[in-house]
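Trainee: Residue numbers (my numbering), protein chains in the order written: chain A, 1 to 380; chain B, 1001 to 1380; chain C, 2001 to 2319; chain D, 3001 to 3319.
Between beta-carbon pairs, the in silico distance windows are: (1) Asp321(A) <-> Gln2050(C): 53 to 61 Å; (2) Arg1364(B) <-> Asp3021(D): 30 to 38 Å; (3) Glu1370(B) <-> Tyr2319(C): 21 to 29 Å; (4) Arg1367(B) <-> Ala359(A): 38 to 46 Å; (5) Pro2164(C) <-> Arg332(A): 40 to 48 Å.
Sample of chain D residues lacking proximity to chain B, with all beta carbon distances greater than 10 Å (derived): (6) Val3036; (7) Ala3046; (8) Ala3189.
Derived EDC-like pairs (lysine to aspartate or glutamate); straight-line CA-CA distance at most 16 Å: (9) Lys2218(C) <-> Glu2307(C); (10) Lys3297(D) <-> Glu352(A); (11) Lys1033(B) <-> Asp28(A); (12) Lys3032(D) <-> Glu222(A); (13) Lys3297(D) <-> Glu343(A); (14) Lys3123(D) <-> Glu80(A); (15) Lys2032(C) <-> Glu1222(B); (16) Lys3318(D) <-> Asp3224(D); (17) Lys1228(B) <-> Glu240(A); (18) Lys1105(B) <-> Asp1144(B); (19) Lys3218(D) <-> Glu3307(D); (20) Lys2194(C) <-> Glu2239(C); (21) Lys3032(D) <-> Asp286(A); (22) Lys2032(C) <-> Asp1287(B); (23) Lys3297(D) <-> Asp355(A); (24) Lys228(A) <-> Glu1240(B); (25) Lys2297(C) <-> Glu1343(B); (26) Lys2247(C) <-> Asp2224(C); (27) Lys1228(B) <-> Asp28(A); (28) Lys2032(C) <-> Asp1281(B); (29) Lys1316(B) <-> Glu1055(B); (30) Lys2297(C) <-> Glu1352(B); (31) Lys3297(D) <-> Glu349(A); (32) Lys3032(D) <-> Asp287(A); (33) Lys1262(B) <-> Glu1240(B); (34) Lys2297(C) <-> Glu1349(B); (35) Lys1033(B) <-> Glu24(A); (36) Lys2123(C) <-> Glu1080(B); (37) Lys2032(C) <-> Asp1286(B); (38) Lys3218(D) <-> Glu3200(D); (39) Lys228(A) <-> Asp1028(B); (40) Lys1262(B) <-> Asp1174(B).
Hints listed in this document are in silico derivations from the structure and should not be mistaken for laboratory results.
Glycine included, every Cβ here is placed at the ideal spot set by N, Cα and C.
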Amino acid sequence: MRRANPRPPVDSRLSRAKLVSMAEYIIDSMTVKRIEVLDPRGNADEALLPPFPDEEIRRIYELLVLARAFDERALTLQREGRIGTYPSILGQEAAQVGSALAIGKEDRVFPSFREMGAQIALGYPIPLLFRYWAGDERGMRSPDDLDVFPICVSVGTHLPHAAGAALAAQLRGDRCAVVAYFGDGATSKGDFHEAFNMAGVFGLPVVFICQNNQWAISVPVERQTAAKTLARKAWAYGFEGVQVDGNDVFAVCRATGAALEKARGGGGPTFIECLTYRLADHTTADDASRYRPDAEVEEWRNRDPLLRLRLFMERKGLWSDADENEAWERARGTIDEAVREAESAPPPEPGEMFDFACANLSPRQQRQREELEVRQVRQV
Amino acid sequence: MRRANPRPPVDSRLSRAKLVSMAEYIIDSMTVKRIEVLDPRGNADEALLPPFPDEEIRRIYELLVLARAFDERALTLQREGRIGTYPSILGQEAAQVGSALAIGKEDRVFPSFREMGAQIALGYPIPLLFRYWAGDERGMRSPDDLDVFPICVSVGTHLPHAAGAALAAQLRGDRCAVVAYFGDGATSKGDFHEAFNMAGVFGLPVVFICQNNQWAISVPVERQTAAKTLARKAWAYGFEGVQVDGNDVFAVCRATGAALEKARGGGGPTFIECLTYRLADHTTADDASRYRPDAEVEEWRNRDPLLRLRLFMERKGLWSDADENEAWERARGTIDEAVREAESAPPPEPGEMFDFACANLSPRQQRQREELEVRQVRQV
Amino acid sequence: MQMNMVQAINLALREEMARDDRVVLLGEDVGKDGGVFRISEGLQDAFGPQRVIDTPLSESALVGAAIGMAAYGLVPVAEIQFMGFIYAAMDQIFSHAARLRSRSRGRYSCPLVVRTPYGAGIKAPELHEESTEALFCQMPGIKVVAPSGPYLAKGLLLSAIRDPDPVIFLEPTRLYRMIREEVPEGEYAVPLGKARIAREGGAVTVIAWGSMLERAMKAAEGYDAEVIDLLTLSPFDAETVLDSVKKSGRAVIVQEAPLTCGLGAELAATIAQEAILHLRGPVLRVAAPDVTVPLAKLVDHYLPSVERIRAALDEILKY
Amino acid sequence: MQMNMVQAINLALREEMARDDRVVLLGEDVGKDGGVFRISEGLQDAFGPQRVIDTPLSESALVGAAIGMAAYGLVPVAEIQFMGFIYAAMDQIFSHAARLRSRSRGRYSCPLVVRTPYGAGIKAPELHEESTEALFCQMPGIKVVAPSGPYLAKGLLLSAIRDPDPVIFLEPTRLYRMIREEVPEGEYAVPLGKARIAREGGAVTVIAWGSMLERAMKAAEGYDAEVIDLLTLSPFDAETVLDSVKKSGRAVIVQEAPLTCGLGAELAATIAQEAILHLRGPVLRVAAPDVTVPLAKLVDHYLPSVERIRAALDEILKY
Ligand SMILES: Cc1ncc(C[n+]2csc(CCOP(=O)(O)OP(=O)(O)O)c2C)c(N)n1
Ligand SMILES: Cc1ncc(C[n+]2csc(CCOP(=O)(O)OP(=O)(O)O)c2C)c(N)n1
Ligand SMILES: [Mg+2]
Ligand SMILES: [Mg+2]
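Extracted from the complex, chain A is given alone in its bound form:
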């Protein structure tokens, strides 16, 4: 007897051995597909070739170049102290640009903090991006004709907002879909789970796009989860997860397009894992050589998303060295201009920290603002 209760009668050691005789049958099964179009050398099976007109393919490539030129410049500006800590998108341009290109004007986008390629492809004003990274929150005000939520720094916490925006669309009958971007690290957060589950339960029009760049700062994705793929996680919520070659802009674009179409048509959520790689340090404050081998980085450099599209275009006779130089020149020109515009914007006034604290300041806030402004004037 354990205490007053009848003694647990089963010797557990006994029972442990005899499991074989139980009736077991399979009641549930799931699979995960991988989607790819272009291989790292720019080859594509003719049968699988995307039907984009040549001009569009060139323009896709130019957007990839623009995203990379932005990144290059941001890193330089950071070194020069002209912007703050910055997270590079190097290597993830295809996953970001490719997915963003499939997004319609009517759709709602919830980026994480490493999505500048997507923002640029969506038409987010580049000067605003520079201003944000220079520490001016006015850079996060999305233009009125563009539905892009502010960058979310707290990993994964924006996923419930995406679910809510999709629920609002569903309830109001808005024919639009919602896209949420996040990293492999975000898949470990409770909010990822709760948002995915809600999306599954309500069959929400949302496309979850994971930029699996295989690292969350110093934690490799194998230490982030024991799941063989991230894509399989969607099945836990009753909807499909697919893995896409994230360095293949065609595959990403079309997987996203299909998922968005499904969402808009009432087919519910989809999870797209873009398998890609973070070629740079986590941010300018990081030194990735402390924790990951150069060889791995090198290997992924060979799978550069720009390179493979360029090779593809060259083979098709769509692209020359001159085109390449011109594209870069144009991109850098656009970026120069954006930096000029960003840096010529007047700095915020101190009192502006109160501007959007709430719709109507409380008397105490009002007084604090006045005191701040008085101090300001005194110091000038």
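Put chains B, C and D with the ligands on the given structure of chain A with help from the hints.
Mentor: Chains B, C and D with the ligands in isolation, oriented as in the chain A frame:
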């Protein structure tokens, strides 16, 4: 052109139609097994019969009766105002007792709030359970030789503790396993996800046991998740999930035993979904007829976990009506005694609310305690 | 009509939902079940499952989704079943609801109400009797409201729903069915940010809110005490508080929560900063002790009692 | 040895881990990377991946698992990478870490330290510059500590690790590398619950903690001001505060967090309740305004400055 950036070149409507041509192949697949031994009429394929000695089978049944007798009495006491709001375990006795019987003395148990059957089978003193439900936290102090964490009311929030206890065991080389109990509703919580993920990443010696009683207050499990089974959720974390007939005490016991053995042997975590049913209201404060059909309840009454074991024993000649009467009499006697013991315990002194606030009270707490005690004396 | 606070809140929701089809309810068991306290009784029948939404058991995503809904044209009223379960949603409330307007520089806003029953005295299990309003009062961008009776509950809830920013609406469970009073149908809003003089008096100012108002009023009987019902806890109505204290020269704050760092601290600090020259004696706080709220057997010893409030009045009147 | 606060904290961890093999570190990037601020640099090499554990990106489970570890014989020191990410773990900290001893009536306890960099002024993105210590100061069962320099950081961390109850250990990022001073190797504990007179003076008492101590000290130059470095924020050392205020008759509280419901409110309330008869003037609080901490371009205007503290000193000295 969208703003200053090159215009997104791809007409998304175009791309949406042409998905068929992409290269797709399966890279990941998973299946979920169901385990059962006894059917609702108490039949078991002879080949699958559990090898428990007859005496053990009778004792298992007696424990089921004891759990049910506890529940019966708790409901009565609540109606009489002798305990507070109480969550009935009616219908879940096999899932609770069966799993608890496989748990060893060395193992660590993290119950939710509807696990009295498991607590009783583990040897938790029944008077303490009554005291807890009567609003006396002293009922949650587990006896020193029993490793049962306090009941967790905040759904799912104890799962990270179970992961931590398992991590501690792993780091210290303690040869024990950890068991966490929770309901179907808990699978929607972020903490479920984060704890499961951590268990997968570290290969922790933990067995997660879900009492899928198909309701979370008024929310049926189909509105809790769109997943076909709860068991499949484990695959998202890289370990096995199985479904067990939760009203089949043999199947539950042996699935739990196997998972515990695997855990203790370094084989990592397992998720066991016990598919069962909450036959009663959510708690004594609930009225389930507001939200669920009687027919569903009736159907599950036919799958009563006690009934099927009794039929099995009767068929084997192990059990008579006299045995049944005696078992109930004995159980009710045990419960009578426990209630007497619980109710004869002196009520807590007001100052005891400070007793375990922290190891050493701050001067302010000290003063608050003194003031409270002075007020007390004055009132007496 | 005479009604209790549950009925008054139900009526407020019903009227707002009828008036404005952007108003939607969501939470655990708010639909078919009508909420565990029956606050939303009948509303799913009246407005359909699209507007009264049972969510999975996910406090963080429930509030997080409500933020997304609020940003996209709806006015969600989210229910957290008990205040003890709101902690899982703190990140969403503080990192997001409170900041969305500011982070997006006004592009998006968050007209969200999070309702939750709060407070001790209903003899329920752990985490069912919390009163941690001060957690939210320190979050810029969040308003916090706590009615003290049915009439005020309805009027304040109307204001909360119409407010363009997120509001935490705390409903004192102990009073849910304790007080019945006349609650008119139709519109009347009790403004946010304004306290109410619940009882006039000259010798001492008693400040209370939520479930403590009832005890403060009882305690004040027989004293020349002015009782202020704070109603909005953040931003609180410093003017009304200070005017009264300047007049009476004495302040007693009654707070259900544990003493340290409760809202009473801010009230006392504000008085100490802005009305100190009018004070005749110390600013007294009557609060629960600094321990976790105990279960049923001891909770009556934990909650500030009428006697303790009277003792504080007697003490301060010595000055 | 001369060292900065990062090195001092590293040394404290190293010594405690060497002394007591129950001490384990866990958090995001604390292992191979040595933490984003390099606090745990070299510790995984020294003690192995079993004792310096990189966790998945899960703040709630990270703290929750640490609670389970603490209950089962370990002494976990969990790192939250920035204070802005601790909100996801509030439920675990408040519902569980704070209550485990009480819920289990002493059967289990939670000797856990949660370290986190806090405070503004490092020009980092949103949620990297929070100072919401008051959230934790109102939780019975939780201790809160904030060192103001390297020597104290080491001594306080030793005490925190040895404390039998959960401690939130707040490290002011702005000071991480600002101050270098002599930090001895080996044991010395700075006790929890005791404030420090950082500077003696008679005319006014200035109370500060964490990153504000440095500014308070600068501001005090040229004044007959006593500066109290609170060190332990909860439970705070009321005795030292009250003794000083009773002597000086004037109090200025300097708080980095937004004014309303910050820890300064509790300090002021305590003074107003227990030392009011000694006060010559109002209890002044110098704090950030009630807004979310702004990004780099405006943060200097947000943080209480030396000038603002001086202005408060000048004002109070008029009484
Ligand atoms: C909730 C939260 N915890 C911690 C951090 C600090 N942090 C910033 S980025 C990052 C890793 C994110 O990894 P992943 O999601 O894979 O995105 P990636 O950085 O690779 O784009 C961490 C831990 C954070 N921003 N938010
Ligand atoms: C975090 C949290 N949210 C809400 C509640 C209120 N509540 C108590 S039980 C319950 C349903 C739990 O369902 P399930 O996990 O299936 O367990 P069951 O009650 O069926 O045993 C809810 C919502 C709670 N206790 N904790
Ligand atoms: Mg990543
Ligand atoms: Mg259930």
